[in-house]
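Chemist: Next come the chains, spelled out residue by residue.
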Amino acid sequence: MNIEEIQQQILDAEQLQIIGNNSQLKSNHLNTLDMSAYSGLVSYQAEELVMTVKAGTTITYIESILAHNEQILPFSIKNTASTTIGGAYAIGSPELRDAVLGVKVIDGQGRILNFGGKVMKNVAGYDVSRLLVGSKGQLVAVCEISFRVLPKAYPVATSTGTIKQTPSKVRQQIEKNLKQVFDPNGRFV
Amino acid sequence: MQTKLSEHLADSAHGKKAADIISACVHCGFCLATCPTYQLTGNELDSPRGRIYLIKSALENNQASKSSLQHLDHCLTCRSCETTCPSGVKYSELVGIGRELLENKRSLWQKASRSTIRRFLTKPALVNLSKPFAQQSAIKSPVIKPQVTRGRVLLLTGCVQPALTPNTNHITKNVLSTLGYQVDETSQQACCGAIDHHNAAPTVALERIKANIDNWLRSIESGIETIISTASGCGVMVKDYPTLFAPSDDYYLKASTVAEKTKDIAEFLINQDLSPIQHQAVNVSYHAPCSLQHGQKLPNLVERLLTTLGYELTPITDSHLCCGSAGTYSLFEPETSKQLRDNKLKNLTQSQPDIIVTSNVGCQLHLSKGTKTPVRHWIELLEPKAD
Amino acid sequence: MQITQELLAALPEHIVIHGDEMTRPFECDGLSMYRQKPLAVVLPENIEQIRIVIEICNKHNTPIVSRGAGTGLAGGALPLDNSIVLGLSKLNKIKTIDPQAKTAVVEPGVRNIAISEAVAQHDLYYAPDPSSQIACTIGGNVAENSGGVHCLKYGLTVHNVIAIKMLTIDGEELILHRNDDGIGLLALMNGSEGLLGIITEVTVKLTPKPERVQLVMASFDHVRDCANTVSNIIKAGIIPAGLEMMDQFAIGAAEDFTHAGYPRDAQALLLCELDGDHDNVEQELTKLLALLSTAATIKVANSEQERLTLWQGRKSAFPSVGRLSPDYYCMDGTIPRHYLADVLENITQLSAHYALRVANVFHAGDGNLHPLILYDASIEGDIEKAEALGTEILKLCVDVGGSITGEHGVGIEKLNAMCHQFAADELEVFHQIKAAFDPQSLLNPGKAIPTLHRCAELGNMHVHNNELPHPELERF
Ligand SMILES: Cc1cc2nc3c(=O)[nH]c(=O)nc-3n(C[C@H](O)[C@H](O)[C@H](O)COP(=O)(O)OP(=O)(O)OC[C@H]3O[C@@H](n4cnc5c(N)ncnc54)[C@H](O)[C@@H]3O)c2cc1C
Ligand code: SF4
Ligand code: SF4
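Protein chains in written order, with our numbering: chain B, 1 to 189; chain A, 1 to 387; chain S, 1 to 476.
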């Protein structure tokens, strides 16, 4: 699968559900976009402490590559053998969000967009690559993710989890507005 | 920052000097952090950077009103900003020029009241009159004469000290004598010029200053090696004499000679062996005057000296901030002055000292108005005895 | 002006600053190259007063420019024509400190370093330390997602803020927490440059002071050796608490101010700080010293006082450069670390090409460059030359896969450079995000995101396929 095929699939569908491998976001829809086929390493230079992978890459695979260079992921997530980084990104955790540096996504209008980058520090434009962590497949299809990695001697951040609660009215309104920004036609369900 | 001088100032030496000082300011804002008035008001107009900007505007469009002057009045000239400024902006010289430039915006009654106070403080006869009410430390020990002569020094008498804190110079003289120095004194008439200078009376100040320079040069020619100041507010003024003259002026070199010979008493004593001199066994808190730490740029000087003598000093919170005395400031801006004094005293008395010591008569008198703890010049801790 | 009258009527007089003479000192921030007087400046003393300002500005359709300490280097707090500046400097109280949870709740105008000072008694500190930390406010830090010399190991502002309270342009309070389920609105607010809301309270994470801190200073005869050492340190699996580089210009200027004992004749200087428990630091120190084989001199700070003085020199380096030149223009590009030596050499060439001196002092470990272009505003054409050189440097950063700004933000200053880094679709998304919060565009409008029109006029500089402008300059 290449990125144009994903783009086409999105444009062709009126509504679709994005899933990763064995997604925690249970599929109850007929039309699904399975991102697990879009996988593999895009770039990785150990001394930069940055890795870029396609969204369907499994955490297990990522960890095995890192291990070769005595490096680790700076966050821990519930990981079954088939959990993908894209799935973890969509579900979201504060520590994963901390590690994210950039993303390539396709929005609800089929536009391929790049936010953030492959460097440690970058404040050009709004921090969309961290905003979309936890977007649960509702706003964009995440295609590529760049994130920070650690030498293995350093401690992994303890995971603090997220707190589910009914969002305030203001927050609901803003989330609604943002849905309009990324997926105005309501393609992603 | 660049200043485009207004036409009417384009050729003035003062204007050029001010523009030159401002060009060193890169508008980074570091100085906001340590400015006592900004800390109180949170208003950039009461900060060094804001004041520099007001002066810059005044130089550029020549339209400044008394609102600008008010913010300059509010400045303590404590020079904390100079210590903080990484770019070396000579703020106090600039604010001096700014004040002169804006002095004519002052209302008449304000001018009158300021001028009265200024004259009062620089007229010994008048100050001496207030002695019975305000005197801080009376002389209790006998005068000591030097046994040997290791050198000759000139002690600046000051205009307020002889009347209100006579013991400071008395002990100083005894200490110097014990160490073998012959002490000459300037007359009480020879005010250093600070009060006039900081209250926009430049002509009066310059006259006084030139007379001082001439007199003291004569003393230097006759063999005086060091001019000693026991009031850091006067000391900084004398050390800054050269900045008052253009380098082409005859007085520039003369002023530089006088400035180079001038030392704060602590600066003079720090390298001397003080072990033969006894000192009081008390708990002390030391208040570092702005004129010493920021003006003369001698931070930690007295602290080191007192520690060598064996005093245990607890670090004072916000020791870089002004106590609110600031020359005549306490008279013209009483509210801010009192607030700063209260803050300062809270920090100084944290360790419950028996006595607060300092290096400047202005701070001493100002602080003592707000506390029961005695406030003295640190030199009074020493107890020189004739042997 | 009617709006000024209304502000004066609704608020205490002493917090409303108006008139040309009094508003002028607010006409610029840390980037004094750009200046614009606002209609008025309001310095609120409580949240209710901020609400009143928002309400009145809404009514008059008047933009609001938030301002912390005005130390920003991108013109983020530059007033707009016809705008009200909302200065948060009076809101400077530390509300609560919780040593157990290692958090503090502070008002937006609290200075960065004041937090560390206040929590020092609990052996804690606030980790992000912009060089301007003595003066800059936490609100400004969040708005810029500021970094500092210790962010390599401890993260940027976004990593150290637990929650914020903000007011939207409707005057509604929005509370955002790090652990909120769903999208990362808190992360979005970090670096939003005052365009999305007014930050009224910040809960920060506090970090325990490490058992041992060890600073090592190494000087080099060749910039390239120093740059390569930076890469080698990271390659060796060490993440120093801070890893900073200075070139000869910067060394001289900083030494003039601090007298820290920097070697003036060195071509490049590396400050590398290790921290952690005793044994760890000892091990890393041994490793580090072995990596410094190309250094001309090595100095291991042997007292806390010495360590602080060495850092003070680094942290004051920008304004110290004010001693060398009446004006400077500070760049903030980031690059992948392994390009460091090449990019620095290119900057030297560009500097010669434009005949303007460039001083370098920067966060080498993060690949965050800070070339300071020295110019003199009183020389005609110098500003334009400085801007042109700056643009070249930023393009260079983007071309090697970096970014035009690592921590100072876009503000007004890097709008053109944004066209180089982002495509039209992405810029459009940014504009829509702004509209999702502020449909009338009243909060700091025109900053941070260039209009598509502006980029089109510039000739769409966004590079694809590495087609580089200025092929005559040697690249790699
Ligand atoms: C000498 C020097 C060194 C510096 N070093 C560093 C460094 O090492 N790292 C670094 O990251 N930066 C550095 N900076 C840049 C600057 O200090 C930071 O960007 C800082 O965070 C700005 O804070 P401030 O309070 O001065 O904000 P301001 O400059 O007043 O404002 C900055 C932006 O934040 C917005 N803003 C301010 N407060 C609020 C609020 N409460 N709500 C919403 N928006 C708000 C403003 O609208 C503006 O867009 C340096 C600056 C200087 C002058
Ligand atoms: S610290 Fe110095 S350079 Fe910076 S704004 Fe203040 S006076 Fe200007
Ligand atoms: S001299 Fe003191 S009061 Fe005046 S601006 Fe400087 S720091 Fe502030």
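Treat the hints with care, since some could be wrong.
[To be verified] According to the in silico footprint, chain S covers these stretches of chain B (three or more CB under 8 Å from chain S):
id: 1; stretch: 4-14
id: 2; stretch: 51-60
id: 3; stretch: 73-87
id: 4; stretch: 114-123
id: 5; stretch: 140-148
[Unchecked claim] Which chain S residues stay away from chain B? Per the calculated CB distances, all over 12 Å, these:
id: 6; residue: ARG35
id: 7; residue: GLU173
id: 8; residue: GLU255
id: 9; residue: PHE257
id: 10; residue: LEU427
These aren't lab readings, by the way, just hints derived from the structure by calculation.
Here a beta-carbon is modelled for each residue, glycine too, at the ideal position from N, C-alpha and C.
Chemist: To test your reading of the hints: which numbers does this structure violate?
Modeler: 1, 2, 3, 5, 7 and 10
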